[in-house]
Amino acid sequence: MKEFFQLLGLEFKRFLSNRVILAIFFMAPVFYGLLFQAVYRKAQLQDLPILVVDADQTPSSALLIDALSDNPSLKVAEVLGEVQYLKEKMLEEEFMAVVQIPQDFEANILQKRHPEVRVDLNMVNLLEANLASRNLQLVLASLNAGFEIEGLKKQGMSPPQAAAAYEAFQISFHKLYNSSGSYLYYMLPGLLAAILQQVIFLAMAISFARDFEDGHFSRLAKASPFAGYSLLLKILPIAIFLPLNYALMYWGFQYFQIDFLMPLDKLLPLVIYFSLAATFIGLLFSIVLPSQLTATELLMVISTPAFVLSGFSWPRSGMPPLLAEAANYIPLTPFIEGLRKLSYYGAELSQIEPEIKQLQFLALSAFVLLFVVLQIKTLLRRRKLNALPESDSKFRAESLKN
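As numbered in the UniProt record's numbering, the sequence shown has no gaps in its residue numbers, which increase by one up to the final residue, 402.
The set of hints was computed from the structure by calculation and includes no laboratory data. Among the hints, erroneous ones may be present.
Computed spacing ranges between beta-carbons, pair by pair [to be verified]:
| hint | residue 1 | residue 2 | range |
| --- | --- | --- | --- |
| 1 | Ser-179 | Gln-351 | 13 to 23 angstroms |
| 2 | Gln-351 | Gln-6 | 44 to 54 angstroms |
| 3 | Asp-66 | Pro-243 | 37 to 47 angstroms |
| 4 | Ala-247 | Leu-91 | 42 to 52 angstroms |
| 5 | Trp-251 | Asn-144 | 41 to 51 angstroms |
| 6 | Pro-320 | Pro-115 | 40 to 50 angstroms |
| 7 | Gln-360 | Val-117 | 50 to 60 angstroms |
| 8 | Glu-213 | Met-187 | 30 to 40 angstroms |
| 9 | Gln-360 | Pro-263 | 13 to 23 angstroms |
| 10 | Gln-6 | Leu-298 | 25 to 35 angstroms |
| 11 | Asn-144 | His-174 | 15 to 25 angstroms |
For each residue, glycine too, the CB sits at the ideal point set by N, CA and C.
Take these sequences, add in the hints, and give me the full structure.
Take a look at the structure:
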(Lines of atoms letter the chains of each structure in order from A and count residues from 1; the text may use other names and numbers.)
(Lines give C-alpha, C1' and ligand atoms only; values in the text may rest on other atoms or scores of the structure.)
Protein backbone atom coordinates (compact mmCIF):
# COMPACT_ATOMS: atom_id res chain seq x y z
CA MET A 1 0.00 0.00 0.00
CA LYS A 2 2.90 2.29 0.76
CA GLU A 3 4.28 1.74 -2.73
CA PHE A 4 0.86 2.52 -4.23
CA PHE A 5 0.73 5.93 -2.57
CA GLN A 6 4.34 6.60 -3.58
CA LEU A 7 3.46 5.83 -7.19
CA LEU A 8 0.27 7.87 -6.91
CA GLY A 9 2.28 10.86 -5.71
CA LEU A 10 4.63 10.31 -8.63
CA GLU A 11 1.67 10.24 -11.05
CA PHE A 12 0.46 13.59 -9.73
CA LYS A 13 3.98 14.95 -10.08
CA ARG A 14 4.29 13.68 -13.65
CA PHE A 15 0.86 15.06 -14.54
CA LEU A 16 1.63 18.49 -13.11
CA SER A 17 5.14 18.59 -14.59
CA ASN A 18 3.84 18.69 -18.17
CA ARG A 19 3.23 22.40 -18.56
CA VAL A 20 1.61 22.12 -21.98
CA ILE A 21 -1.02 19.59 -20.88
CA LEU A 22 -1.46 21.45 -17.61
CA ALA A 23 -2.18 24.68 -19.47
CA ILE A 24 -4.57 22.95 -21.86
CA PHE A 25 -6.35 21.02 -19.11
CA PHE A 26 -6.94 23.94 -16.76
CA MET A 27 -6.75 27.03 -18.95
CA ALA A 28 -8.41 25.92 -22.21
CA PRO A 29 -11.97 25.59 -20.80
CA VAL A 30 -11.63 28.90 -18.96
CA PHE A 31 -10.10 30.72 -21.93
CA TYR A 32 -12.57 29.36 -24.47
CA GLY A 33 -15.49 29.90 -22.11
CA LEU A 34 -14.58 33.57 -21.72
CA LEU A 35 -13.90 33.87 -25.45
CA PHE A 36 -17.23 32.36 -26.48
CA GLN A 37 -19.08 34.46 -23.91
CA ALA A 38 -17.43 37.60 -25.29
CA VAL A 39 -18.10 36.65 -28.93
CA TYR A 40 -21.77 35.78 -28.38
CA ARG A 41 -22.39 38.32 -25.61
CA LYS A 42 -24.92 40.30 -27.65
CA ALA A 43 -26.85 37.04 -28.13
CA GLN A 44 -28.69 38.55 -31.12
CA LEU A 45 -27.54 40.36 -34.23
CA GLN A 46 -28.77 43.91 -34.66
CA ASP A 47 -28.36 46.78 -37.10
CA LEU A 48 -27.72 44.64 -40.17
CA PRO A 49 -26.86 47.19 -42.88
CA ILE A 50 -29.22 47.35 -45.87
CA LEU A 51 -29.32 49.56 -48.94
CA VAL A 52 -32.62 51.00 -50.15
CA VAL A 53 -32.96 52.06 -53.78
CA ASP A 54 -35.99 54.38 -53.88
CA ALA A 55 -36.90 55.04 -57.50
CA ASP A 56 -40.32 56.41 -56.51
CA GLN A 57 -39.57 58.91 -53.73
CA THR A 58 -43.17 59.36 -52.62
CA PRO A 59 -44.83 59.36 -49.17
CA SER A 60 -45.56 55.63 -49.59
CA SER A 61 -41.93 54.76 -50.33
CA ALA A 62 -40.83 56.99 -47.45
CA LEU A 63 -43.23 55.10 -45.18
CA LEU A 64 -41.64 51.82 -46.26
CA ILE A 65 -38.15 53.16 -45.51
CA ASP A 66 -39.26 54.37 -42.08
CA ALA A 67 -40.72 50.94 -41.31
CA LEU A 68 -37.41 49.30 -42.23
CA SER A 69 -35.53 51.76 -40.02
CA ASP A 70 -37.78 51.01 -37.06
CA ASN A 71 -36.86 47.31 -37.08
CA PRO A 72 -34.07 46.76 -34.46
CA SER A 73 -32.39 44.03 -36.51
CA LEU A 74 -32.09 46.22 -39.61
CA LYS A 75 -30.27 49.44 -40.31
CA VAL A 76 -30.96 51.49 -43.41
CA ALA A 77 -27.36 52.41 -44.08
CA GLU A 78 -27.95 54.26 -47.34
CA VAL A 79 -30.83 55.40 -49.56
CA LEU A 80 -30.18 55.99 -53.26
CA GLY A 81 -32.37 57.03 -56.13
CA GLU A 82 -30.81 54.45 -58.43
CA VAL A 83 -27.90 52.03 -58.53
CA GLN A 84 -26.19 50.73 -61.64
CA TYR A 85 -23.68 48.23 -60.27
CA LEU A 86 -25.64 46.39 -57.60
CA LYS A 87 -23.21 43.53 -56.90
CA GLU A 88 -20.22 45.85 -56.75
CA LYS A 89 -22.06 48.16 -54.35
CA MET A 90 -23.04 45.23 -52.13
CA LEU A 91 -19.43 44.01 -52.08
CA GLU A 92 -17.90 47.41 -51.31
CA GLU A 93 -20.27 48.32 -48.48
CA GLU A 94 -21.04 44.76 -47.27
CA PHE A 95 -24.78 45.32 -47.32
CA MET A 96 -26.80 42.34 -46.09
CA ALA A 97 -29.64 43.19 -48.47
CA VAL A 98 -30.71 45.66 -51.13
CA VAL A 99 -34.38 46.72 -51.18
CA GLN A 100 -35.47 48.18 -54.54
CA ILE A 101 -38.66 50.26 -54.57
CA PRO A 102 -39.83 50.61 -58.20
CA GLN A 103 -40.84 53.77 -59.97
CA ASP A 104 -44.58 54.60 -59.71
CA PHE A 105 -44.76 52.47 -56.55
CA GLU A 106 -47.40 54.64 -54.87
CA ALA A 107 -49.43 55.20 -58.03
CA ASN A 108 -49.59 51.49 -58.79
CA ILE A 109 -50.69 50.71 -55.23
CA LEU A 110 -53.54 53.21 -55.52
CA GLN A 111 -54.56 51.72 -58.86
CA LYS A 112 -54.39 48.12 -57.54
CA ARG A 113 -51.63 47.15 -59.97
CA HIS A 114 -49.58 45.33 -57.29
CA PRO A 115 -46.07 46.74 -57.82
CA GLU A 116 -43.12 44.48 -56.98
CA VAL A 117 -40.57 45.39 -54.32
CA ARG A 118 -37.38 43.48 -55.11
CA VAL A 119 -35.09 42.29 -52.32
CA ASP A 120 -31.56 41.06 -53.09
CA LEU A 121 -29.99 39.14 -50.20
CA ASN A 122 -26.29 38.79 -49.49
CA MET A 123 -26.04 35.01 -48.87
CA VAL A 124 -22.33 34.90 -47.96
CA ASN A 125 -23.14 34.60 -44.24
CA LEU A 126 -26.22 32.40 -43.87
CA LEU A 127 -26.92 33.48 -40.31
CA GLU A 128 -27.00 37.17 -41.22
CA ALA A 129 -28.86 36.48 -44.46
CA ASN A 130 -31.59 34.44 -42.76
CA LEU A 131 -32.03 37.04 -40.05
CA ALA A 132 -32.19 39.87 -42.59
CA SER A 133 -34.63 37.89 -44.74
CA ARG A 134 -36.92 37.09 -41.81
CA ASN A 135 -37.08 40.70 -40.64
CA LEU A 136 -37.50 42.11 -44.15
CA GLN A 137 -40.41 39.73 -44.76
CA LEU A 138 -41.96 40.77 -41.45
CA VAL A 139 -41.71 44.49 -42.23
CA LEU A 140 -42.85 44.21 -45.85
CA ALA A 141 -45.74 41.86 -45.02
CA SER A 142 -46.96 44.19 -42.27
CA LEU A 143 -46.71 47.21 -44.53
CA ASN A 144 -48.40 45.35 -47.37
CA ALA A 145 -51.32 44.53 -45.09
CA GLY A 146 -51.44 48.14 -43.91
CA PHE A 147 -51.62 49.49 -47.47
CA GLU A 148 -54.36 47.01 -48.36
CA ILE A 149 -56.43 47.85 -45.29
CA GLU A 150 -56.05 51.58 -45.95
CA GLY A 151 -57.28 51.01 -49.50
CA LEU A 152 -60.36 49.18 -48.23
CA LYS A 153 -61.06 51.95 -45.73
CA LYS A 154 -60.95 54.52 -48.54
CA GLN A 155 -63.61 52.46 -50.30
CA GLY A 156 -65.93 53.09 -47.36
CA MET A 157 -65.29 50.13 -45.08
CA SER A 158 -64.93 50.65 -41.35
CA PRO A 159 -61.52 49.74 -39.84
CA PRO A 160 -62.79 46.43 -38.32
CA GLN A 161 -64.46 45.48 -41.61
CA ALA A 162 -61.32 46.33 -43.59
CA ALA A 163 -59.14 44.26 -41.28
CA ALA A 164 -61.58 41.32 -41.42
CA ALA A 165 -61.81 41.50 -45.21
CA TYR A 166 -58.03 41.35 -45.56
CA GLU A 167 -57.38 38.63 -42.97
CA ALA A 168 -59.16 35.30 -43.52
CA PHE A 169 -57.57 34.04 -40.30
CA GLN A 170 -55.13 35.27 -37.68
CA ILE A 171 -51.70 33.77 -37.07
CA SER A 172 -50.13 33.55 -33.63
CA PHE A 173 -46.52 32.37 -33.19
CA HIS A 174 -45.14 31.39 -29.78
CA LYS A 175 -41.42 30.80 -29.31
CA LEU A 176 -40.61 27.99 -26.90
CA TYR A 177 -37.22 26.86 -25.54
CA ASN A 178 -34.76 29.72 -26.02
CA SER A 179 -37.66 32.05 -26.75
CA SER A 180 -35.35 35.06 -26.98
CA GLY A 181 -33.51 33.45 -29.90
CA SER A 182 -30.20 33.93 -28.08
CA TYR A 183 -27.25 32.65 -30.10
CA LEU A 184 -25.21 32.50 -26.89
CA TYR A 185 -27.66 30.01 -25.36
CA TYR A 186 -27.65 28.05 -28.60
CA MET A 187 -23.89 27.73 -29.14
CA LEU A 188 -22.22 27.83 -25.73
CA PRO A 189 -23.14 24.38 -24.32
CA GLY A 190 -22.08 22.54 -27.46
CA LEU A 191 -18.84 24.45 -27.92
CA LEU A 192 -17.75 24.00 -24.31
CA ALA A 193 -18.62 20.29 -24.41
CA ALA A 194 -16.46 19.90 -27.53
CA ILE A 195 -13.58 21.69 -25.79
CA LEU A 196 -13.92 19.47 -22.71
CA GLN A 197 -13.81 16.31 -24.81
CA GLN A 198 -10.70 17.57 -26.57
CA VAL A 199 -9.04 18.45 -23.25
CA ILE A 200 -9.73 14.98 -21.82
CA PHE A 201 -8.48 13.30 -24.99
CA LEU A 202 -5.25 15.31 -24.92
CA ALA A 203 -4.60 14.65 -21.24
CA MET A 204 -5.20 10.91 -21.60
CA ALA A 205 -3.37 10.53 -24.92
CA ILE A 206 0.01 11.10 -23.31
CA SER A 207 -0.57 9.15 -20.07
CA PHE A 208 0.58 5.61 -20.90
CA ALA A 209 2.31 6.65 -24.13
CA ARG A 210 4.68 8.80 -22.10
CA ASP A 211 5.32 5.88 -19.73
CA PHE A 212 6.22 3.61 -22.63
CA GLU A 213 8.63 6.19 -24.02
CA ASP A 214 10.54 7.05 -20.84
CA GLY A 215 10.48 3.60 -19.19
CA HIS A 216 8.16 4.45 -16.30
CA PHE A 217 5.82 1.66 -17.40
CA SER A 218 8.43 -0.87 -16.24
CA ARG A 219 8.06 0.40 -12.69
CA LEU A 220 4.27 0.17 -12.88
CA ALA A 221 4.43 -3.37 -14.26
CA LYS A 222 6.88 -4.43 -11.56
CA ALA A 223 4.65 -3.00 -8.81
CA SER A 224 1.70 -5.23 -9.76
CA PRO A 225 0.85 -7.81 -12.44
CA PHE A 226 -2.75 -6.60 -12.37
CA ALA A 227 -3.62 -3.99 -15.04
CA GLY A 228 -6.18 -2.37 -12.76
CA TYR A 229 -3.36 -1.25 -10.46
CA SER A 230 -1.65 1.00 -13.01
CA LEU A 231 -5.00 1.99 -14.49
CA LEU A 232 -6.20 3.28 -11.13
CA LEU A 233 -3.01 5.30 -10.76
CA LYS A 234 -3.73 7.01 -14.09
CA ILE A 235 -7.41 7.68 -13.44
CA LEU A 236 -7.17 9.15 -9.93
CA PRO A 237 -5.41 12.43 -10.91
CA ILE A 238 -7.93 13.26 -13.63
CA ALA A 239 -10.78 12.14 -11.34
CA ILE A 240 -9.66 14.84 -8.92
CA PHE A 241 -8.79 17.62 -11.37
CA LEU A 242 -11.63 17.22 -13.90
CA PRO A 243 -14.45 18.11 -11.46
CA LEU A 244 -12.65 21.40 -10.84
CA ASN A 245 -13.13 22.21 -14.52
CA TYR A 246 -16.81 21.36 -14.39
CA ALA A 247 -17.30 23.37 -11.20
CA LEU A 248 -15.55 26.37 -12.74
CA MET A 249 -17.71 26.20 -15.86
CA TYR A 250 -20.90 25.84 -13.80
CA TRP A 251 -19.88 28.87 -11.77
CA GLY A 252 -19.16 30.73 -15.01
CA PHE A 253 -22.74 30.11 -16.19
CA GLN A 254 -24.02 31.61 -12.95
CA TYR A 255 -21.59 34.54 -13.03
CA PHE A 256 -22.50 35.54 -16.59
CA GLN A 257 -26.19 34.95 -15.82
CA ILE A 258 -26.55 32.24 -18.44
CA ASP A 259 -29.66 30.60 -17.06
CA PHE A 260 -29.77 27.00 -18.29
CA LEU A 261 -32.35 24.63 -16.80
CA MET A 262 -29.79 22.09 -15.60
CA PRO A 263 -30.29 20.89 -12.00
CA LEU A 264 -27.21 19.09 -10.72
CA ASP A 265 -28.99 15.86 -9.79
CA LYS A 266 -29.95 15.40 -13.47
CA LEU A 267 -26.76 16.80 -14.97
CA LEU A 268 -24.38 14.76 -12.82
CA PRO A 269 -25.04 11.28 -14.33
CA LEU A 270 -24.65 12.66 -17.85
CA VAL A 271 -21.38 14.40 -16.96
CA ILE A 272 -19.96 11.36 -15.14
CA TYR A 273 -20.56 8.91 -17.99
CA PHE A 274 -19.34 11.42 -20.58
CA SER A 275 -16.13 11.89 -18.59
CA LEU A 276 -15.65 8.13 -18.22
CA ALA A 277 -16.25 7.48 -21.92
CA ALA A 278 -13.84 10.22 -23.04
CA THR A 279 -11.23 9.17 -20.45
CA PHE A 280 -11.30 5.48 -21.37
CA ILE A 281 -11.17 6.19 -25.11
CA GLY A 282 -8.18 8.49 -24.55
CA LEU A 283 -6.45 5.84 -22.42
CA LEU A 284 -7.17 3.16 -25.03
CA PHE A 285 -5.40 5.17 -27.72
CA SER A 286 -2.54 5.90 -25.33
CA ILE A 287 -2.05 2.18 -24.64
CA VAL A 288 -2.52 0.86 -28.17
CA LEU A 289 -0.31 3.57 -29.72
CA PRO A 290 2.78 3.85 -27.49
CA SER A 291 3.81 7.21 -28.94
CA GLN A 292 2.61 10.50 -27.49
CA LEU A 293 2.61 12.20 -30.88
CA THR A 294 0.73 9.42 -32.71
CA ALA A 295 -1.89 9.00 -29.98
CA THR A 296 -2.46 12.75 -29.78
CA GLU A 297 -2.73 13.17 -33.55
CA LEU A 298 -5.24 10.33 -33.99
CA LEU A 299 -7.40 11.53 -31.11
CA MET A 300 -7.43 14.99 -32.64
CA VAL A 301 -8.56 13.44 -35.93
CA ILE A 302 -11.58 12.10 -34.01
CA SER A 303 -12.14 15.18 -31.87
CA THR A 304 -11.86 17.86 -34.56
CA PRO A 305 -14.97 16.92 -36.60
CA ALA A 306 -16.86 15.74 -33.52
CA PHE A 307 -18.80 18.99 -33.10
CA VAL A 308 -19.99 18.89 -36.71
CA LEU A 309 -20.96 15.21 -36.52
CA SER A 310 -22.70 15.63 -33.16
CA GLY A 311 -25.73 17.20 -34.83
CA PHE A 312 -25.56 20.32 -32.70
CA SER A 313 -25.08 22.81 -35.53
CA TRP A 314 -26.37 20.71 -38.44
CA PRO A 315 -29.04 18.06 -37.69
CA ARG A 316 -27.95 14.46 -38.14
CA SER A 317 -31.15 13.81 -40.08
CA GLY A 318 -29.53 15.81 -42.88
CA MET A 319 -26.33 13.70 -42.88
CA PRO A 320 -25.65 10.47 -44.78
CA PRO A 321 -26.89 7.55 -42.64
CA LEU A 322 -23.39 6.12 -42.25
CA LEU A 323 -22.00 9.37 -40.84
CA ALA A 324 -25.02 9.87 -38.60
CA GLU A 325 -24.53 6.37 -37.16
CA ALA A 326 -20.76 6.84 -36.76
CA ALA A 327 -21.39 10.00 -34.72
CA ASN A 328 -23.07 7.87 -32.03
CA TYR A 329 -19.68 6.38 -31.17
CA ILE A 330 -18.13 9.73 -30.27
CA PRO A 331 -18.91 10.62 -26.61
CA LEU A 332 -19.70 14.21 -27.55
CA THR A 333 -22.81 13.24 -29.56
CA PRO A 334 -24.96 11.62 -26.83
CA PHE A 335 -23.60 14.11 -24.29
CA ILE A 336 -24.68 17.13 -26.35
CA GLU A 337 -28.07 15.58 -27.09
CA GLY A 338 -28.65 14.97 -23.39
CA LEU A 339 -27.34 18.42 -22.51
CA ARG A 340 -29.71 20.02 -24.99
CA LYS A 341 -32.68 18.20 -23.49
CA LEU A 342 -31.70 19.30 -20.00
CA SER A 343 -30.80 22.90 -20.83
CA TYR A 344 -33.66 23.73 -23.21
CA TYR A 345 -36.50 21.38 -22.38
CA GLY A 346 -35.90 20.92 -18.66
CA ALA A 347 -36.07 17.15 -19.25
CA GLU A 348 -36.39 14.57 -16.51
CA LEU A 349 -33.67 11.98 -15.93
CA SER A 350 -35.78 9.29 -17.60
CA GLN A 351 -35.97 11.41 -20.76
CA ILE A 352 -32.19 11.41 -21.23
CA GLU A 353 -31.90 7.68 -20.52
CA PRO A 354 -31.03 6.80 -24.18
CA GLU A 355 -28.09 9.24 -24.12
CA ILE A 356 -26.87 7.94 -20.75
CA LYS A 357 -27.09 4.33 -21.96
CA GLN A 358 -25.07 5.18 -25.08
CA LEU A 359 -22.38 6.84 -22.96
CA GLN A 360 -22.37 3.81 -20.64
CA PHE A 361 -21.90 1.54 -23.66
CA LEU A 362 -18.99 3.63 -24.97
CA ALA A 363 -17.35 3.79 -21.55
CA LEU A 364 -17.72 0.05 -20.90
CA SER A 365 -16.54 -0.96 -24.38
CA ALA A 366 -13.47 1.27 -24.21
CA PHE A 367 -12.69 0.10 -20.66
CA VAL A 368 -12.83 -3.60 -21.57
CA LEU A 369 -10.60 -3.10 -24.60
CA LEU A 370 -8.02 -0.97 -22.79
CA PHE A 371 -7.99 -3.33 -19.79
CA VAL A 372 -7.30 -6.37 -21.99
CA VAL A 373 -4.54 -4.63 -23.95
CA LEU A 374 -3.00 -3.15 -20.78
CA GLN A 375 -3.08 -6.53 -19.02
CA ILE A 376 -1.26 -8.15 -21.93
CA LYS A 377 1.35 -5.39 -22.06
CA THR A 378 1.83 -5.53 -18.28
CA LEU A 379 2.46 -9.28 -18.31
CA LEU A 380 4.81 -9.01 -21.29
CA ARG A 381 6.79 -6.25 -19.60
CA ARG A 382 7.08 -8.25 -16.36
CA ARG A 383 8.26 -11.29 -18.29
CA LYS A 384 10.85 -9.15 -20.06
CA LEU A 385 12.07 -7.69 -16.76
CA ASN A 386 12.24 -11.11 -15.09
CA ALA A 387 14.18 -12.49 -18.05
CA LEU A 388 17.02 -10.02 -17.51
CA PRO A 389 20.11 -11.83 -16.15
CA GLU A 390 21.55 -10.84 -12.80
CA SER A 391 24.56 -9.37 -14.63
CA ASP A 392 22.19 -6.79 -16.06
CA SER A 393 20.96 -5.74 -12.62
CA LYS A 394 22.24 -2.21 -13.15
CA PHE A 395 20.15 -1.86 -16.32
CA ARG A 396 17.20 -3.48 -14.57
CA ALA A 397 17.41 -1.11 -11.62
CA GLU A 398 17.65 1.84 -13.99
CA SER A 399 14.53 0.64 -15.84
CA LEU A 400 12.55 0.45 -12.62
CA LYS A 401 13.87 3.80 -11.51
CA ASN A 402 12.52 5.42 -14.64
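Violations among the numbered hints:
Hint 3 alone not satisfied by this model.
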